[in-house]
Amino acid sequence: MSTRIDEPATDTSRRERRRAESELVGAVRAELVARVRHLVAAGPRPEGTVAIALGADVGARGVVPIGTAPLAQLRGALVARLIPVVLAGIPLRDPFAQAVSAWRVASPGPALLARLRALDAEERARLRADVAGHARTLARSLVELGVPTGARISQRCVIPVVSTPVILVDTLDLVWSGPIGPQLLDVTTSPLGPEAATLRSRHALAWTLRTGRVPHASASVSTATGEHVADDVRASTLAGALDAVVAQVATQLAGAGA
Amino acid sequence: MSVDLVYLEPGAVASLVLPEGDPEIVPPTLPAALARRLGDSRADRRQTLGAWSVERRTAPANPFSWSAATARRALGRGALGRLVSGEDATLGAALAHVLEHRLDRAATGYASVGSLGAWLARLDAPGRATVMSAARAWAVSVLELTHQMSSWSAPEADAYYAIDRSRVTLRGRRDIVTARSLICVRAGRPSASAGAGLRVDLLVAGLTHPAGVLPTQVVGVWPDAGLALRLRGSLADARRGARYVLAAAVAAGVAAAAA
Numbered sequence: 001m002s003t004r005i006d007e008p009a010t011d012t013s014r015r016e017r018r019r020a021e022s023e024l025v026g027a028v029r030a031e032l033v034a035r036v037r038h039l040v041a042a043g044p045r046p047e048g049t050v051a052i053a054l055g056a057d058v059g060a061r062g063v064v065p066i067g068t069a070p071l072a073q074l075r076g077a078l079v080a081r082l083i084p085v086v087l088a089g090i091p092l093r094d095p096f097a098q099a100v101s102a103w104r105v106a107s108p109g110p111a112l113l114a115r116l117r118a119l120d121a122e123e124r125a126r127l128r129a130d131v132a133g134h135a136r137t138l139a140r141s142l143v144e145l146g147v148p149t150g151a152r153i154s155q156r157c158v159i160p161v162v163s164t165p166v167i168l169v170d171t172l173d174l175v176w177s178g179p180i181g182p183q184l185l186d187v188t189t190s191p192l193g194p195e196a197a198t199l200r201s202r203h204a205l206a207w208t209l210r211t212g213r214v215p216h217a218s219a220s221v222s223t224a225t226g227e228h229v230a231d232d233v234r235a236s237t238l239a240g241a242l243d244a245v246v247a248q249v250a251t252q253l254a255g256a257g258a
Numbered sequence: 259m260s261v262d263l264v265y266l267e268p269g270a271v272a273s274l275v276l277p278e279g280d281p282e283i284v285p286p287t288l289p290a291a292l293a294r295r296l297g298d299s300r301a302d303r304r305q306t307l308g309a310w311s312v313e314r315r316t317a318p319a320n321p322f323s324w325s326a327a328t329a330r331r332a333l334g335r336g337a338l339g340r341l342v343s344g345e346d347a348t349l350g351a352a353l354a355h356v357l358e359h360r361l362d363r364a365a366t367g368y369a370s371v372g373s374l375g376a377w378l379a380r381l382d383a384p385g386r387a388t389v390m391s392a393a394r395a396w397a398v399s400v401l402e403l404t405h406q407m408s409s410w411s412a413p414e415a416d417a418y419y420a421i422d423r424s425r426v427t428l429r430g431r432r433d434i435v436t437a438r439s440l441i442c443v444r445a446g447r448p449s450a451s452a453g454a455g456l457r458v459d460l461l462v463a464g465l466t467h468p469a470g471v472l473p474t475q476v477v478g479v480w481p482d483a484g485l486a487l488r489l490r491g492s493l494a495d496a497r498r499g500a501r502y503v504l505a506a507a508v509a510a511g512v513a514a515a516a517a
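These protein sequence lines are chains A and B, in that order.
Going by our numbering, the first sequence opens with residue 1, and the numbers climb by one from there.
Going by our numbering, the second sequence opens with residue 259, and the numbers climb by one from there.
What the hints contain is simulated information worked out from the structure, not anything from laboratory work.
For glycine and all other residues, C-beta sits at the position ideal for the given N, C-alpha and C.
Treat the hints with caution; some may be incorrect.
Listing some non-contacts, in silico: residues in chain A with all C-beta distances to chain B over 10 Å [as the list claims (entries may be wrong)]: (1) S13; (2) V50; (3) L113; (4) R115; (5) R124; (6) A129; (7) S141; (8) P179; (9) S236; (10) A254.
Chain A is faced by these chain B residues, among others (derived, beta-carbon under 10 Å) [unchecked claim]: (11) A387; (12) M390; (13) S399; (14) W480.
Using the sequences provided together with the hints, build the complete structure.
Here it is in structure tokens:
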């Protein structure tokens, strides 16, 4: 799996491309199911479903877990809520208040909402300034990256691995149709570290499994630094992500059976 | 009476709704039997039963409230209808018209307090942008499903069938309709009882058709999961749908369990 699927110009070559893409997607799906089934069969049958959060393993290794950095968690949630506001062309006059408005409509989890309510005046002022800074970078970045106003936001992937209790879970911040295929963008309020590349490939795998279409590119942008990295999605990208996800499934199944 | 599981990819849904076989007809005995079982229900208020109630077998844990997730289908479907009928040239324009219409109804007092229009009217610009972004994403997901589909329409509303002499209304989901098929778009992933839900959608489609004609296929699509389930529209499956409705009615306290 090392070829790149490029968009050819003619109808015939477009059909060929679609056929190659379909074969690649079929192979990825078949391999995922076979390997996960093998893992499930090898150990004790887990009770209930086993949800594999495609971003969580990265978090466990590189990012501070929920609960230990409440302000960072809130900042991330609020900045993400500003994406539709920016794309709608609404001026960011008070990004914190605007993000809270947008967040409430999106039904935030009660734990995070309670944490927002529990902030003291000092923490709230810090968060307000923080969100405003990230919002300015976000607005600039989305323009620079040419994200269209019709891009899809917060796309959920809840992908059952057929005939197993395993479900792959992911959320993609932004997806849009580029001239040569779907483009994915992950927006993070952290600087882009090595884990961002892992996350990009996992997002590409999730979108491939969800839609049967291989994304053209998977990108990350940091609202902390303005840095932006984009990877072309190749068959090898999906193969690498598949290996990592299967390893995560193995670890989680072992934990569930222990 | 089997349900086929299919992975989503471009053109996958179009291949599931090809006209196959002759449609079956709901006989008058079926709605009459439902009326007999549910006609003496003593529910204190009107109950709506559908795929959701059949699959969950319980009432929703929390009272309904509007959010981006609960509003996106109503708005997205309205926009798709305008787009497909040619009233608007782009999805963006169609969404803008649908929002404007809802807000107009709220402003002129035609929308009730708990309606979508009244809720949208109370939101500020960032809140509305969030809701409309969710509606657009939903509509784009549905449009993607119609890839390679030659002829289809987007109904303005679900199908409703009030059972005679009872306080029960059946609701059948429908997001895309072709000449003989019904496509229902669902959130999340298919549950173990998703087939039961599709049979209820099939039943309601037959009951609400003027001549009782059943769709030849009912396709449930779970875009988040990348999966679709196809149920061939047989009378036997519609009868099973009716049995699921009765069981849900018993679970909801609308009907007594059969002796």
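Tell me the numbers of any earlier hints that the structure contravenes, in ascending order. none
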